[in-house]
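The task is simple: from the sequences and hints, build the whole structure.
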Amino acid sequence: MTLDDVDRLFSDYREITPSPMFLGRVMDSVRREAQALPPLAFPWKWALPGLVGAAIAAFLFVGVTVQLIAKGAADGQVTLSMPSGLIGILDAARAGGAGWVATGIIVSFVSASVATRIVKHFQAITNNIPD
Amino acid sequence: VSAADDEADVERVLAGDISAFEGLVRRWQRPLVNLAYRFCLDRGRSEEMAQEAFLRAYRSLRQWRKEAAFSTWLFAVATNVYRSKLRAIPARMVPLEEVTQLKDSDPFDSRLEDEDRDRAVHNAVLALPARYREVLVLFYFHGLDIAATARSLGVPEGTVKARLSRGKETLRNRLVGLGISPLAQKES
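For the protein sequence lines, the chains are A and B, in the order given.
So the first sequence is numbered by my numbering: it starts at 49 and just counts up by one.
So the second sequence is numbered by my numbering: it starts at 15 and just counts up by one.
It is possible that some hints are incorrect.
[Unchecked claim] Reference excerpt, derived from the structure (chain B facing chain A, CB under 10 angstroms, subset only):
(1) I32
(2) S33
(3) F35
(4) R40
(5) Q43
(6) A64
(7) Y154
(8) E183
(9) L185
(10) L189
[To be verified] FRET-style restraints, in silico, Cβ to Cβ:
(11) B:A18 to A:S159: 45 to 55 angstroms
(12) B:R76 to A:A95: 18 to 28 angstroms
(13) A:G72 to B:G168: 28 to 38 angstroms
(14) B:T184 to A:W92: 46 to 56 angstroms
(15) B:R26 to A:I64: 24 to 34 angstroms
(16) A:A89 to B:N187: 52 to 62 angstroms
(17) A:I104 to B:T86: 47 to 57 angstroms
In short, the hints are calculated from the structure, not lab data.
Note that the coordinates shown come from a computational prediction; the quantities given were computed from them, not determined experimentally.
C-beta: ideal position from N, C-alpha, C; glycine also.
The structure is reproduced here in structure tokens:
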């Protein structure tokens with residue numbers, strides 16, 4: 049057997065005709081697809097203020113934590129030089145449980161972004177379309 | 015098949031007239047089903063695969079940038095769908111009884127011999143690694159056109175040539191091992 053014989057074997061492939069139902073089945077699936085609601089986009093516009101707030105809260109949380117650690121290390125003496133206004137804000141934030149709120153927001157944001165990445169990853173595998 | 019018809023139908027679909035997609039399916043159902051059949055060698059499955067390819071094309075219709083013919087884009091979409099399906103089918107060993115049946119078949123019954131040969135060839139193709147299977151299938155489907163095969167696969171023509179050469183050689187060796195020889199059959 050030569051490579052030409054391989055060519056001949058392949059050229060002997062018989063043609064098949066799609067069944068009469070095929071067109072209808074395809075169009076049914078296309079219509080179903082068209083009627084399906086598009087996937088919800090992430091509402092960045094609405095989420096942005098929350099994300100900014102979360103970033104500020106995280107900054108405050110880190111600041112308070114650092115201050116507490118420094119305070120503990122100095123055995124009860126706060127040595128960090130911070131503007132008095134900021135210290136007031138930190139005290140108020142600490143009293144209002146801002147640290148926990150910030151932690152909650154950060155955890156939510158991280159879990160949402162991880163979930164989005166996972167979904168996008170599987171969509172990329174499923175919809176492996178060339179550009 | 016008119017490229018202008020394809021473009022007009024695509025425009026209508028994108029404008030919201032879903033029924034225009036029917037024209038595209040009508041024109042391309044036969045090639046897509048046949049391409050799928052060559053990938054899976056199963057008639058029922060080939061229609062399922064072609065249906066999925068059309069649905070994928072519908073979803074991503076906006077991605078057709080009209081730089082290439084609609085058919086080129088459609089075949090690339092379909093090839094991607096079929097390749098992923100093909101890769102889900104593991105390469106398999108040809109059962110020994112099929113080889114025995116082929117060699118022991120009545121030499122005077124040419125119809126049976128042809129069927130046996132087809133089945134054995136199909137099995138040998140299915141037993142090839144996916145990268146060789148897909149390039150062989152597309153090369154012969156596109157009428158021995160390396161450029162069209164490369165476009166469908168989205169790889170350079172050199173890659174197609176290399177895989178084609180290696181795939182054909184591997185297939186030839188396997189077919190010889192199965193006792194298949196078109197020349198011998200013609201003589202008998």
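Worksheet item: Quick check: which numbered hints come out false for this structure?
Response: none
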